[in-house]
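Going down the list, the sequences are from chains P and H.
With this note's numbering as the guide, the letters of the first sequence map in order to residues 16 to 155.
With this note's numbering as the guide, the letters of the second sequence map in order to residues 4 to 154.
Hints are supplied without guarantee of correctness; some may be wrong.
25 Å max Cα-Cα, derived DMTMM-like pairs, lysine to aspartate or glutamate [as the list claims (entries may be wrong)]:
(1) K47(P) with D19(H)
(2) K69(P) with D32(H)
(3) K69(P) with D142(P)
With the C-beta cut set under 10 Å, the calculated list includes, among others, these residues of chain H facing chain P [as the list claims (entries may be wrong)]:
(4) D17
(5) D19
(6) R22
(7) L23
(8) A24
(9) D46
(10) Q49
(11) E53
(12) V60
(13) Y63
(14) V66
(15) G116
(16) V117
(17) G118
The set of hints was computed from the structure by calculation and includes no laboratory data.
Idealized CB from N, CA, C, for every residue including glycine.
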Amino acid sequence: MAMTIDVEHLGGSPAVSVVALDGELDASNYEKVIDIVRDAYTRGSRRLVLDLSKLSFMASSGLFALHSALRIMRGETPPDPEAGWGALHEMGHDHEGTAANVRLAAPQEAIARVLDRTGMAGLFPVDADRASAIAALQGS
Amino acid sequence: MTQQASTPRRLTVDNDANRLADVRAFIRDSVADLGGSKRAADDLVQAVDEATCNVMVHGYGGVPGEIEIEAARLGNAIQIRLLDRSKPFDPTAAAARADTSRPPTPKRPGGMGVGIELLRTMTDEVRHHVRPDGGNELTLVRSIDGPAEEG
Numbered sequence: 016m017a018m019t020i021d022v023e024h025l026g027g028s029p030a031v032s033v034v035a036l037d038g039e040l041d042a043s044n045y046e047k048v049i050d051i052v053r054d055a056y057t058r059g060s061r062r063l064v065l066d067l068s069k070l071s072f073m074a075s076s077g078l079f080a081l082h083s084a085l086r087i088m089r090g091e092t093p094p095d096p097e098a099g100w101g102a103l104h105e106m107g108h109d110h111e112g113t114a115a116n117v118r119l120a121a122p123q124e125a126i127a128r129v130l131d132r133t134g135m136a137g138l139f140p141v142d143a144d145r146a147s148a149i150a151a152l153q154g155s
Numbered sequence: 004m005t006q007q008a009s010t011p012r013r014l015t016v017d018n019d020a021n022r023l024a025d026v027r028a029f030i031r032d033s034v035a036d037l038g039g040s041k042r043a044a045d046d047l048v049q050a051v052d053e054a055t056c057n058v059m060v061h062g063y064g065g066v067p068g069e070i071e072i073e074a075a076r077l078g079n080a081i082q083i084r085l086l087d088r089s090k091p092f093d094p095t096a097a098a099a100r101a102d103t104s105r106p107p108t109p110k111r112p113g114g115m116g117v118g119i120e121l122l123r124t125m126t127d128e129v130r131h132h133v134r135p136d137g138g139n140e141l142t143l144v145r146s147i148d149g150p151a152e153e154g
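Here chain P stands alone, though its shape is the one from the complex (with noise of 0.2 Å):
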């Protein structure tokens, strides 16, 4: 099953974009996400919500791509694919508490599961749908 990226960028100050996700995230398509994150980014976007609602996997490769729409929203530079995890720690450490610049709308069970069981649950608050999420964005 392929994964097809639905992207709408919302406007606004600060700029939001919503990147929904369709299908499978996994390791042929997850740079693939964090392109589309760049594309928003230099757009003017500098939060995102990622709409997780139709999102039916999601592998370790895909937790990479959310790490790194986390450092891209920020202006930072995404970490390298081949030594990424030192860097996703760094990033629990450095961003605890402070306010989070990409929401998670709506993830599945399993996903919702993997996130949790990795740890990543923490770097990301997760609203029950897309229209929280952005409201909680423009409200930032």
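Add chain H to chain P, keeping to what the hints say.
Just chain H, lined up with the frame of chain P:
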């Protein structure tokens, strides 16, 4: 007493990340047919995707090769075996992480830590052997129902 595994279902894929979707579909269908719960299927799909991806990236690298995947019922568990001809590569050798409530700590360059961790937490047992005639055999075992790990 050693339990006898059922006749395994098999899928062979090339070293190509675009085949991972087929691997996941094969595991999901096989676990269901072998009497596993949806939760068991979710966990094994995650674990086998990570294991297969590891063989592709760290075992074969850019070199062409095949990965054979077998799924069988073994008592009250599902047993998955991954067979390849890549260089010896033991994902079970990575040390366990004590505190999984925090984001992952680095294991070594290669970006493998998180995938290995998922492999381990989503299954009850992971065994690795170097095949006598070259390549690796990785065996994953998970009970047919219930969480592999509470919490």
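Going down the list of hints, with the structure as the test:
1. K47(P) with D19(H): Distance ~17 Å between K47(P) and D19(H) Cα, so the pair holds.
2. K69(P) with D32(H): holds, 20 Å
3. K69(P) with D142(P): holds, 14 Å
4. D17: violated, 13 Å
5. D19: Cβ of D19(H) sits 8 Å from chain P, so the hint holds.
6. R22: holds, 8 Å
7. L23: This hint holds: L23(H) lies near chain P, its Cβ roughly 5 Å from the closest one there, short of 10 Å.
8. A24: Hint on A24(H): holds, closest Cβ of chain P at ~5 Å, below 10 Å.
9. D46: holds, 8 Å
10. Q49: Since chain P brings a Cβ to about 6 Å from Q49(H), closer than 10 Å, the hint holds.
11. E53: Interface hint status for E53(H): holds (6 Å vs cutoff 10 Å).
12. V60: Interface hint status for V60(H): holds (7 Å vs cutoff 10 Å).
13. Y63: With a minimum Cβ separation of about 13 Å from chain P (threshold 10 Å), the hint on Y63(H) is violated.
14. V66: It is violated, given that the least Cβ distance between V66(H) and chain P is near 16 Å, above 10 Å.
15. G116: Because about 5 Å separates G116(H) from the closest Cβ in chain P, which is inside the 10 Å limit, the hint holds.
16. V117: holds, 4 Å
17. G118: holds, 4 Å
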